[in-house]
Amino acid sequence: MKYLFLLLATVGFQFALANAPSVVTTTTDLAWVAGELLGSPKNQVRSLLSGTENPHFMDASPNFIRWTADADVVCLVGLDLEVGWLPKVLSRSGNSKVQPGGSGYCNVGKAIQPLEVPEGPIDRSMGDVHPLGNPHFWLSPSALAEGATAVAEALAAADPKSAALYQSRLKALQARLKTLQDSNKKRIDALKQKPLVIEYHKEFTYFLSAYGLKSFGSIEEKPGVPPSAGRIAEIAQRAKAAGVTLVLAAEYSPKKTLERFEELSGIPVLTVPTSLSKDEMDYDAYQNGLVEKIVNLAGKRVATSDK
Amino acid sequence: MRTKLLLIIVTIGVGLSSPALGDNAGLGISGAVDLYGGFGKNGPSQFDVLREAELIVYSPADYLFDGRLGMAAHLEGGDYFFELHEAFLSSTKLIPRSRIKAGQFFLGVGRLNQIHRHDWAFITAPKSHTRFFDQEGVLDVGVEFGTLFPLPFFLDLTVGVTSGRKYGHVHGAGSNPRVPTHYLRLVTYADLANSSGFQVGLNYLGRVANDGTKKLMLGLDLVGKWRDNQRLAFLLQSEAWYRVETPPGNAAEKEFSIYLYPQYGFTDTLYLGLRGDLLVNMNASEVDHNIVPTLSWKPSEFTTFRAAFNFQGTRRAGVVTAAANYAELQAIFLLGAHPAHVF
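Protein chains in written order, with the numbering used here: chain A, 96 to 402; chain B, 321 to 663.
This is chain B alone, in the form it adopts within the complex (with noise of 0.2 Å):
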């Protein structure tokens, strides 16, 4: 499977690289690479894995459409799974103020569901992301149109309708919904002095699977930036989601998680957050909850050093059934265009 894998990569790569298919057709390209190690108790206990490998390359199909495709091996089972991430075609240039895609790609609800994982501003993805959105993120063929309102401030809409086959990381073809996966996010903006600026973000998706089970998932996303030239000075970051799963002739299982990460930047290049998870089963009264410090270093835009540390537990009736203490280092590196710098 990795040879497999590598030989599928590197033809790629090559190919798309060569004069004829080179830079007079705006084919962009870009790759990243996530290395991660952990230790402690309860937790983790590798050092040497290699996470995430992910080639995108991204180009105009033609004077209307942009055509984008990304793919990614993942450490599964301890085994490379070769994947299909994004593949989509999208048009800036159809309706104006809008933007609309038809393919497949990660769904445009809440902040992380959006941004590639070695893009996060932490190493491993939060409980409120783990538990409804999976480890990376949700991703579905279907399309997804957006809109910018105008008005005197910004307010976005995006709204998509996906097969609704699968949900979540899942291998195989998945099976036909009752009501294929359908969501709305809605994003305003203030500006502050500075370069700084604070988003929020309310989503709505729904879906009901092919056994009845109705899914429907209410979220905030907030994100603030304070910059100081190119330092960023201060990152404040969070999402709320509340979650209710009714399974037909059963009761509704009712969940609420958050996270909130502050970050402040020292330098340049050095920066030290601390995030805060907390998932709440509300029918069984258990809490998780974890506190996660990190140190990030990044060098320059394109290679990143982290080291972070997880004080997990889990808490039934107020008695603490689990937990988990361990550390983790994380190494990413990027290559080829430039990564955009989106708020």
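Looking at chain A on its own, in the form it has when it is part of the complex (with noise of 0.2 Å):
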């Protein structure tokens, strides 16, 4: 009897995958939704990106396209973050649903309400400014939980049966992700003095806005744009005048405009992954982990200052 429910259980697991939508989504954060979401079968779920690249910089590589042509599902950050190779990847994959328009196209930034919109005419002169706003969200757990939103309903548009089954799960994942941030904002909070934080390229702002941390801007005077030496010289001097506690950069950025930035500011700069690594998809500890390098770090710096 044992054998025959272990039998049953199987072959209903193996249905259940076999009826699973396959989602493609170009960052590994989107995949960690999408995983949650579905539930067991993370299988049916692939990041176009490892977790390393910075996805402004990519070609449309022959490999996403074919892995794009097998999805029912395709998932991006949108906000023109992957303007430059995704359009590419999903016309050469001959795969009408993820076509936009199309029911498998899941544009998750469409599902959050977006920071930093340019307000009046942009150009090209002004640096690589999104004008639907700043597409980096997906460390912000807040936002996120806005964003899975639009992958549950994709979900739900290529496996109308399990609907209600993702919406479900959706609630669960919305109320694990607010519980995250509380409990760190309550360890940010709970520091003697908030830090103020500078970012290399805007890819923190919806983090610190998140947390509730005070931002200086960013290193970069134009968004995409190298800062010149002039520059750098400039905020430095701004930031260490200011006050600023830490630089926050990704771990793409470069190295050496930040060593300048240290050595003439005496501001240490934290360089961490921005998305999840296809090794290690666990959001939450990704967000403990970061803020508690920021708390250690803001720590240091209070503890040096009252000496």
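Honestly, I wouldn't trust all of these hints.
One-sided excerpt, in silico: chain A residues whose CB lies under 8 Å from chain B [unchecked claim]: (1) Ser117; (2) Asn149; (3) Val178; (4) Pro182; (5) Tyr347.
Rather than coming from a laboratory, the hints here were simulated on the basis of the structure.
We put the beta carbon where it would ideally sit given N, CA and C, even for glycine.
Quick one: dock chain against chain with the hints and give me the complex.
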């Protein structure tokens, strides 16, 4: 009897696996969300990027095209983050479901409340400005929770029979992300002095906003344009005078620029991955780890300034 | 001619960018300008050449099809000629894993023939391209079908048939061929670590011209990219072509050509490459070669500045019969829609 139950359970699981939509996401963070909503069959989700790349600067790799050709759902960050390469991947895939407007096209950025939406006319003299707003929302648990709504909707469209299941998992995920954000915010709020943060590129804006951290802007004068020597010197001086606590930068940011800034300002630089690693798909651990690093660094800075 | 050309481009550009036809229709507009100058022994001697100005518009035509229209002005014999480069309808929604297009387009063979000249990694065409595809590329009116095989690795097949009335850069109507231009390209790809990879294509092209001259071309193209985040740390690009042309009643003329272009990226914006070209006329034992070091500065995705030096030579039966050494400069700027990052 026990073996019969096991057999039925195995067959049932395989059946569920076969029916679960095949999902491709551009980034690992969206793959994590899709995996949480799908439940067990996480092998149905593939991220095109591995988590170490700058998602602005990718090529439409032939393997991206192959993976997309087999997908039922393609989730993108949107807000023009993948504008250079994803349209080519989608069109070359020959997969009508995942073309813009198709049932499997899941633009997660459309479900969030974007920050830093530029006002007035913009052009390329202003650097790599995103006209629809800052696309780096996934480092904010609350923004990612908003975005997860779009993923759940796309999964339900691809697999209507499981729509209620995806909705219930969405609610659970959103509650979990809220708890995660609240607990980490308490740790930051408990600091004797709230850190003032400068970014290299505005990749942490949503993260700072989620945790009520104060921002001193970015080392880049224009987004996507490497800062000149004069700009580095000027912003280093201003940041030092304003008592900036730390610099947050993506691991792929230019090392020499960050070293020069640290040398001129004396402000420590914290370089971190801006996405989950394919080998460690744990959003809670990522958030807790990043907050831990900031809290430790901020604590040390306060201790140093108290002496 | 120049005034007429500018008037046409400006009218189309202004018309298409009007709110009535703007982004609500999904319309994308992009422009590219390619400025060129060269000087030296037996080479070009002009510094103020607007080599090409191109305007491309594209948009979904309806729920199934996309349309693309590309126009370019070229400098030929001291005057600018306005040409229609691309005008085709395409779809990726009709047949799963497949692409189809019909109209006028650059033939989907080889590497360079499918990429607009202002997107190449060097200033001027390698000898293999100039000899077999002309300065820029071969375009024609026809249909092309591409499909991605459902395999656990990347394997993509493109087949096409075009009118074959013209081949290469020819003005005029051309004449009906006995066998139209037909071609095939099979491509595979291997992923390497850190967003790097290697793509190889096998190519075939055939045509029998109106006068009975048979053309057969076989080619191998490859491109490898090694990325270190946004820096293209190393690029390796090559094409090798073998061509047999058999005029009626005459012996076959056989030619082989290859270029190899390794390029190193010092930074995200500064690149140094060295291209080597070889063209062998197998009937006449004549060998053309060219060595071209090329320095590229790309401050952004939208502007490129290049400097190159050509060491060209021709040998016949082991004796140097011609030589040219000249420098080249190039400036490119792109306007409008974001360019696609093609592998």
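Cross-check of the supplied hints:
Interface hint at Ser117(A): violated, since its Cβ lies 13 Å from the closest Cβ of chain B, which is beyond the 8 Å cut-off. The interface hint given for Asn149(A) is met, as the beta carbon of that residue sits about 5 Å from the closest beta carbon of chain B, less than 8 Å. Because the smallest distance between the Cβ of Val178(A) and any Cβ of chain B comes to about 5 Å, under 8 Å, the interface hint for this residue holds. The beta carbon of Pro182(A) is positioned within 8 Å of a beta carbon in chain B (closest approach about 7 Å), and the interface hint is therefore held.
The interface hint given for Tyr347(A) holds, since its Cβ lies 4 Å from the closest Cβ of chain B, which is under the 8 Å cut-off.
Hint 1 from the list above is the single one not met by this structure.
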